[in-house]
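Undergrad: Residue strings, one per chain:
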Amino acid sequence: MIRVNNGVIHLEGHCPVEDAEPLLEALQAGGDAALELGGCGSVHTAVLQLLLASRTRVLTPPADALLARLLRNGRAPDGTAPEEVNPKQAA
Amino acid sequence: MNPLLAQFLVEAREQIGATTDGLLGLERAPGNTDLLNGVFRSVHTLKGSSGLFEFPALTSVLHAGEDLLVALREHRLVLDPAMLDQVLAALDLVSGWLDHIDNTGLLPDDAAGRGTPVIAALRAWLGGSGLGGPVPAAPVETAAKGAGSALPSWLREVPEAVLLDTVERAAATGTPLLAVSYRPETQCFFKGDDPFALIRQLPDGLYLDVEEPAAWSPLAETDPFSCIVGFRALSAAPRDEVRHLLRYVDSQSEVVEFEAAQLVRFAGSPVGDPLARELGGALVAHHERGDRASLAEAAATLLDTFDGTADAAVLRWIARLAPNPTVANPVIGSLVTAFATGTCPAVPEPAGPADAGGASEAEGDLPSPVVRLLHEQMEMLHSVRNDAWIGGCIGSAAKLAAKALRYAGRRADAERIADTGEKAFAAKDAALLVRAIEEILGKKPAKASDAARPKAATPGTSLAAVPALHDPAHERASTVLRVDQSRIDALMNLIGELVVAKNGLPFLARRAENVYGSREMAREIKEQHAVIDRIALELRNSIMQVRMLPVSTVFQRFPRLVRDLSRKLGKHVELVIEGEDTQADKTVIENLFEPILHLVRNSLDHGIETDRDAMGKPEAATLTLSASQDNDQVVIRVADDGRGIDPTAMRRKAVEKGLLDEEAAGRLTDEEAVNLIFAAGFSTAAEVTDVSGRGVGMDAVRTTIEKAGGRVDVSSRIGAGTTVSLHLPLSMAVTRVMTLSVSGSQFGIPMDEIAETVRIPRSDVVAIKDKEAFLLRDRIIPLVHLDRALSLPPKEEAEEIAVLVVHVDKQPIGLAIEAFGEGMEVIVKPLEGPLTDLPDYLGTALLGDGRVLLVLNLKEVLE
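Sequences listed follow chains A and B, in order.
Mapping to the working numbering: the first sequence position 82 is 103, numbers consecutive.
Mapping to the working numbering: the second sequence position 482 is 1143, numbers consecutive.
Keep in mind the hints are simulated off the structure, nothing from the lab.
Glycine included, each C-beta is placed from N, C-alpha and C at the ideal position.
Take these hints with a grain of salt, some might be off.
A few chain A positions that, by computed beta-carbon distances, are all more than 10 angstroms from chain B [to be verified]:
hint, residue
1, Met22
2, Asn26
3, Asn27
4, Val29
5, Asp53
6, Ala55
7, Gly59
8, Ala67
9, Ala74
10, Leu80
11, Ala84
Which residues of chain A face chain B? A few of them, derived with a C-beta cut under 8 angstroms, are [said to hold, decoys possible]:
hint, residue
12, His31
13, Val38
14, Glu42
15, Leu45
16, Leu48
17, Gln49
18, Leu69
19, Gln70
20, Leu71
21, Leu73
22, Ser75
23, Thr81
24, Leu87
25, Leu91
26, Asn94
Ranges between beta-carbon positions, derived for each pair [what the hints assert, rightly or not]:
hint, chain 1, residue 1, chain 2, residue 2, range
27, A, Asn27, B, Asp1272, 25 to 31 angstroms
28, A, Asn27, B, Asp884, 45 to 51 angstroms
29, A, Gly62, B, Pro820, 21 to 27 angstroms
30, B, Glu821, A, Glu46, 39 to 45 angstroms
31, B, Glu1323, A, Asn27, 34 to 40 angstroms
Just chain A, with the same shape it has in the complex (with noise of 0.2 angstroms):
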């Protein structure tokens, strides 16, 4: 589920198709909006894919390691290889 508080968005827990919208209405509200997703469980698709096209800045990662990975992917800026992490370990 998705909580905004003093400009940054909270996720939690899940994040179903329909927290896509208000999501999406969140990012584009704030220009300096902030993610907070230490206690995001999983996320829909949709969730998904909004998180890594605004490149908005994540001020906890989310706990589960693989989701954690496809976030920092988006965003390495040195082009570096990121650290890899077995979607099977991580689970």
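For this one, chain A is given, so just place chain B on it according to the hints.
TA: Showing chain B alone in chain A's frame:
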């Protein structure tokens, strides 16, 4: 239609019904061999009889289903819910075709095209077990063995560390790898797909990444509900498992099988630095000596020199892979050559079974042709019953098995088989050899022999078993008649006419007495009338019995529906069906499906919670469908143990929707508030889901049931569940009505709406504003003048009023009429043509004297 075909259609539908029931039963009790055998027999019979006609697509779909069931029966496969989905889907397809055949006598034109994927899906389970015909390979799945060009190009972008891990892992297990790319449809979210969640379930996943679009569109232009990403993944799982996972998105995904060795192509592309060529010689020397440790060390040392150059990648691969004994020599060789010659690493030739590395001989699996050969030998040994032949069979089986094992490089096993073969030959005991082969195959003896035995025994037993199976069916066929429904309907109509004609006799008797003055004649006519009356009654009851159907004909559709819906909603629901033997008239039964379906959907969607654990309830919810007979009514109950209906929420909602004002809502009892769900335009579901809540509310259920002469009750306890009961007349054909006259016209009112008849003096009627009421046993009952309600000319007011007390929506209302008539049984025919839209009348009935009686729909009249 050809009578044989007509018979086939009837039987085929029955077999499909039986198969569906059996499959659903199997899902609950996968180990039940009786059920499995029953299902198999049904499909087998169906396939067999379909062969009599020219329906090749139909026969092959059934054939594929039958093969799958054979595999299950022989324990070669384990039952899986997804497997059931496909068998059920195949049955649905066949069922649709049967309808088409029924209408046109032919299969639909697209039958072959639609059948092929279904057959492929069924056959996919059988996989490479070599049974049940060829497995049509999906076009996208190119076996890329040895052909490096078929590798997906995105593998280049996979991080080196992942590739190295993958190569090592695959080398250790010796299995091929799968490169999966999944590009979901843009609209897939609307189908409820979550591609990310799906691909995360990829078995034995080694790598997963997102395939991003070429350019992200600005957020302002982004449509959050169209899927613009894809996924790429590597898996070490068997192809069947991966295919199974992606079975619903088959067309959106591509699975390429390849050998780990092919990945060396991505070990960088050395530029042919002269220094590298010179130093590469040392690596080649180490490699040729087979000294992996030195090779790795040398490569690691060279890395210091070449770090950061184009040659570094190959060195990293060598340093990492060389010390690993499971990585095959040709792979290392290819890398070393690439570095030394400054070329792109070439994909090594796949290693043949004979020169497999030491590790794979000890623990690796036998190549599949060898396994198949060994199985064939065992089956052959099982099938031989003749002692004279057994010796020769043992000899040749032992020889073949030993040769196959030698080919696979299992010399020790081959010797063992040869030895055992000699012993078995001497003792004429095939079991010795079979056991030895089983041990080599690493299977549990029981399982392997089960797999072999029934198959080998089929030719012998099936001949004996088939007539035995068919006997009970033949017996039944001799006592059960299949009669076309229209013939029963015609009989019913004739009986209706007979009843009307019979009702004419009392009029005739009256005429005989009054007009012709023959009292004796009148008495004789009345006597005859009594006799005909009794016979007509019995006749009617007999026909009603014929028209009676058990409720199970409706209920039986629900196990499948509940299963599909609950799977879709991700809820675990146990369906309990009670009293399915309860009988009711066919028309009643036929009207039941839609309302029950609506109630079941509501229960599954809104009633049953998703977080049952948190509520302290068992995870599996229970949905009960029950039927029982209550006097001349049949009562159907749909009960769940879900969250129940909250009367407070109902009141609030009713006020929000403007159905009631706040004060009226507050006055409702909890029970009345719960009953608000039947109000038109009422839906408490916050959102429309795929399953229910499309605004066609419970009022549709109530309307349907009331139209059929029934009523609906709901009772609910918060947190404990909801029960909806449908009360329907056992038979709709004959209605008991009471006749009455108003302003000189005769009308009928259904008897079950009438509470009592009273006569009250005019002085007892009190006027409350413009309404009238009267007191009956200390209760104020509103009085309605039926002549005014029907806009008939008013009659002069008598001193005493005849009042019919009726119940409408459980409220007593007094109807002032002119005179009571008599109670009679009539067949109410709905109004037709331009009169259909007159809501005041339920229909018309023909009276014995030829007059037409209008039967009132009191609810509409009084509104």
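Undergrad: Check each numbered hint from earlier against the structure, then list the numbers of those it violates in ascending order.
TA: 8, 9, 12, 23 and 28
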